[in-house]
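All chains should be built: construct the whole structure from the sequences, respecting the hints.
Those protein sequences? They're chains A and B, same order as listed. Quick note, the first sequence lines up with residues 1 to 405 if you use our numbering. Quick note, the second sequence lines up with residues 1 to 405 if you use our numbering.
One should not assume that every hint holds.
Repeated chains share a single entry, so a pair holds when one copy, or any two copies, can fit it.
When the alpha-carbon atoms are kept at most 16 Å apart in a straight line, the in silico EDC-like pairs for lysine to aspartate or glutamate are as follows [to be verified]:
#1 K398 x D365
#2 K325 x D304
#3 K29 x D48
#4 K127 x D313
#5 K260 x D387
#6 K405 x D188
#7 K20 x E52
#8 K59 x E17
#9 K88 x E17
#10 K31 x D193
#11 K285 x E17
#12 K367 x D390
Hints are computed from structural coordinates only; laboratory data are not their basis. Keep in mind that this is a model prediction, so the values were computed, not measured.
Number of protein chains: 2
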Amino acid sequence: MSLVVMKFGGSSVANAEKVKHVAGRIIAKKKEGYKVVVVVSAPGDMTDDLIEMAAGVTKNPPPREMDVLLATGEQASIAILAMALQAKGQAAISLTGPQAGIYADVDHTRARITEILPKKILAELAKRRIVVVAGFQGLNPNLDIATLGRGGSDLTAIALAAALKADLCEIYTDVEGIYTTDPRVVTDARKLDEISYDEMLELAGAGAQVMQGRSVEVAKKYDVVFVVRSTFSTAPGTRVHREVRHMENVVVSGIALDRKQAKISIVDIPDRPGVAAKVFGALGKAGINVDMIIQSEAIDRKNDISFTVSDGDLKKAMKALRPVKVALEAKDLVANSNVGKVAVVGVGMRSHSGVASKMFQSLADAKINIQMISTSEIKISCVISRDHIDDAVKVLHKAFELDKK
Amino acid sequence: MSLVVMKFGGSSVANAEKVKHVAGRIIAKKKEGYKVVVVVSAPGDMTDDLIEMAAGVTKNPPPREMDVLLATGEQASIAILAMALQAKGQAAISLTGPQAGIYADVDHTRARITEILPKKILAELAKRRIVVVAGFQGLNPNLDIATLGRGGSDLTAIALAAALKADLCEIYTDVEGIYTTDPRVVTDARKLDEISYDEMLELAGAGAQVMQGRSVEVAKKYDVVFVVRSTFSTAPGTRVHREVRHMENVVVSGIALDRKQAKISIVDIPDRPGVAAKVFGALGKAGINVDMIIQSEAIDRKNDISFTVSDGDLKKAMKALRPVKVALEAKDLVANSNVGKVAVVGVGMRSHSGVASKMFQSLADAKINIQMISTSEIKISCVISRDHIDDAVKVLHKAFELDKK
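Shown next as C-alpha cells:
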C-alpha cells in the first residue's frame, strides 16, 4: 500500500469551512488507496495572534517560552482537523510533534530536526487511521517543545516523507504550483509541470516564496519527490525532483524577481588582505545576510566593494558599516534602496551558451540599465532600478518564450 | 524554605495587564521567602472559543481530540505568564501538565489525576526558578493529553500542594473569599476568616460556586489547607481546613442558595420493593443528578415520590420518566420548575439543638411556605418557591446573626 504525506498551510485551515474542505480532500486521497499522513500548520493568523499576545507582556520573549506558546497553534489545528475527519466517518488521530517522534535540537524558535522515530505514526497507520501531525514542532533533548522556525511545517512534511519512505509528498498551498514567473507581473506566466530542486532553490532565493529554501534542501538531500499544488483546485501542480537531463527540453525554466533589495557601496578602500573579511564580518555579526557581492578591479591600489542586502536590513547594515568605513579609511559609504533583482533560472543553461548575452541584450533593448551582475551554474541575476522590475520580467519572460510550452 | 502553590483562574490572566499584575503578586510572594509553584487556567474566554472552534466542524467532538484542543489554552497561559515573570527579572519556567509529571486516567475530558511525580518541578525549584504549571491537564497511560473537566485547575493546584507537601496553597479568584451568603442578595454578607472542608462542600453543592466540590474533597482527603482570596485585592481571604471544634464559636457559618432547581413528583405509585430503583435508575441512565428526595408515607399501599433536579435537566428527566410512570402505573407525573433551595450550613449545628426549628420559624414568620426539607449533619435545606429565595436568604442571614462576627 502506497503512503502519502499531505501538507496543508495555515490559509488552508483558517476556518471551519476550509477545514471541512481539506478533510474532504484528505479522505478522497485515502480512497485512492493510500495510507495518509497529514501535516498541518496553525490556522490562519493564529501564529501572529500568539506573537502579539507575547508582545503584550514582554519586548523580549524568552525563546523557550515562545516555543511553548507558538506550538499551541499547530496543536489546535491537528485536533480540529482530526475532528473534521472523524465527523465525516473517517478514523483519524492527531499527534503533536513530540508524540509523532519528531526530535529537534535545543535552538529554540529555529530548531533543526535531528531525528524522526515514527513508531507511533506507523502503529496508527496500521490501524487504518489517518494520522494528523503538527507541523513546525519537535521535542528537544531537554524534553522541551522546540519550534522549527519559518517554513517549519513544510520541513516537517518533507522530513516525515523521508523518514517514512513515502511514495508521494504533496505540499498544498494557495497557488497552483511553481510558475515561470510571478503571475501578478506577467499575465501569461505558465505553471511548470516539473522543476528540479536546484531551480526551485534559485527561484525561492530570488523571491518566489512558495516554500522556504531549507525544506527544498532537505528534499534534495534525501531525494524526496514532492508536488506543490493548490488546496482549492484539482489542477495537478508542479512536481519537484532531482534534475532530469533536458527536462521539458527547455533552457530557462523561470524568471525570478525580488523588489526588496538595497545596494551598498564602499568606495575607495585600500587593496590589502582582510578588507572584505572586515566588511562582511561586521555584517555577519549584525545578523545581516548579504546577497550579491561585486568587487571592482584595483586601480591605484584602491578598490570599490558593492553588495546587496534585503531592503529591511539596510539601516542596520549602514549602522554596522560606519565604523568599518572609518577603520578602513574608505572615501565613501553609499546606500541605494531603489533597486531590485531579476534572475533567469534554468538547469538547461548549463549546456546552452547564449543565455547571458540574450538576457543582457533584451534588457538593453528595453533601455534597462544593469547595475550589478552575478552568475551561478543555473542562474544569472541582475540588479536594476526598482522602477524597471516589472518591465524587465515581462521582457525576459517573452525573450525566453516562457509563455510557450 | 517554605513552599507555596498559587492558583490563578482564567479571569486573572484574561489580558496582558492582568498577567503583569499576577506576575507582580507572584514575585512579591517569592520575596517573602517562599519557593513558588503557580498553577494557571486558560486565559479569559479562550476555552469557550476553542469549544466553539470544535463546534464549527463537528457536533460530537471526539473526546481525545477535544483534549488535544482544550489543553492549548492552559499551555498558552503558562508561556505568557513565564514570559511576564522573566520580563520582571524573575527566573521562571513553564511546564505543561505532562512535563510537570501529572498523570491521569483515560477518561478524556473528565480525567482523574492518578499520580503526581514532581521530579522536574523540584529540580526547577532547586534552580531558584518559579515553576508555572498548566492546570486542567495530565498525561494518560496512552501518552495522550487528558483534561480534568470542570474545576480542573483548582484540582491541579490542590493535588500539587499535596504531592509537594506545600506549606501553603492559595486559590486566587475574583471574589475575596467565602461569604456567609451571596453578597448580591444580602448586602451585609460577611467574608468568613475560616471554614471547614465539609461546610465549604455544602456551600458549593448548594450553589456557592467558588470552587468545584471535587477539589475540596481532594483537599480534605489529603489534608491540604488552602486559602481562597482575590487576585485584585490584598484582603486575607478565607482559610479552608479540617474542622476545628467551635471554630469561630458559631453555630451556623453560612446560607447557601440555588435558584435553578426543579421539583418532580410521581403521584400514587404502588408501595412495593424496587420502585425507587426504577425511578432513579432511569434518571441515572440519562445522566441526571438528583438532589433532594422525599418519599411520603404509604397510605393504601400507594406512595408519592418527590425529588429535585437541576432546572436545566428538567426536560431530559421528564422524558426519561414518562415510560417509568406507565410501567409503574402511577397516577400522575408532575413537574414544577418554579422552585429554589435555601440551606443553612454549619459544623456548629451538630452540637447545637434548635437550628432547624429556628430556620422553619423564621421562614414561617416571613410567610414563606416550605415545600420540601432535607437535613444532613451540617446542613438543613428547604425547597421553596423560587420567587421567595431572596427574601428567605435575607431572613435567615439575619436570624442567625451572620452579619455580626
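So, going through the hints one by one against the coordinates:
Taking the shortest alpha-carbon separations for K398 and D365, only the intra-copy value of 13 Å comes in at or below 16 Å, while the best inter-copy value is 98 Å. In the homo-oligomer, the alpha carbons of K325 and D304 lie at most 16 Å apart inside one protomer (12 Å), although the nearest pairing across protomers, at 99 Å, exceeds that limit. In this homomeric assembly, K29 and D48 never come within 16 Å of each other (Cα to Cα): the closest approach is 31 Å inside a single copy and 33 Å across copies. With identical chains, the CA atoms of K127 and D313 are never at most 16 Å apart, being 51 Å at best within one copy and 39 Å at best between copies.
Taking identical chains as interchangeable, the C-alpha atoms of K260 and D387 lie at most 16 Å apart only when both belong to the same chain, with a minimum of 12 Å there against 71 Å between chains. Taking the shortest Cα distances, K405 and D188 sit within 16 Å of each other inside one copy (11 Å), while across copies they are farther apart (86 Å). Proximity of K20 to E52 under the C-alpha cut-off of 16 Å is restricted to the inter-copy arrangement: shortest distance 15 Å between copies versus 28 Å within a copy. In this assembly of identical chains, K59 and E17 lie within 16 Å of each other by CA distance solely across copies; the values are 14 Å between and 36 Å within a copy.
Proximity of K88 and E17 under a CA criterion of 16 Å is satisfied intra-copy only: 13 Å inside one chain copy versus 42 Å between copies. For the homomeric pair K31 and D193, neither the shortest alpha-carbon distance inside one copy (25 Å) nor that between copies (65 Å) is at most 16 Å. In the homo-oligomer, the alpha carbons of K285 and E17 never lie at most 16 Å apart, since the shortest distance is 46 Å inside one protomer and 36 Å across protomers. Proximity of K367 and D390 under a CA criterion of 16 Å is satisfied intra-copy only: 13 Å inside one chain copy versus 88 Å between copies.
Comparing the model with each earlier hint shows violations of hints 3, 4, 10, 11; every other hint is respected.
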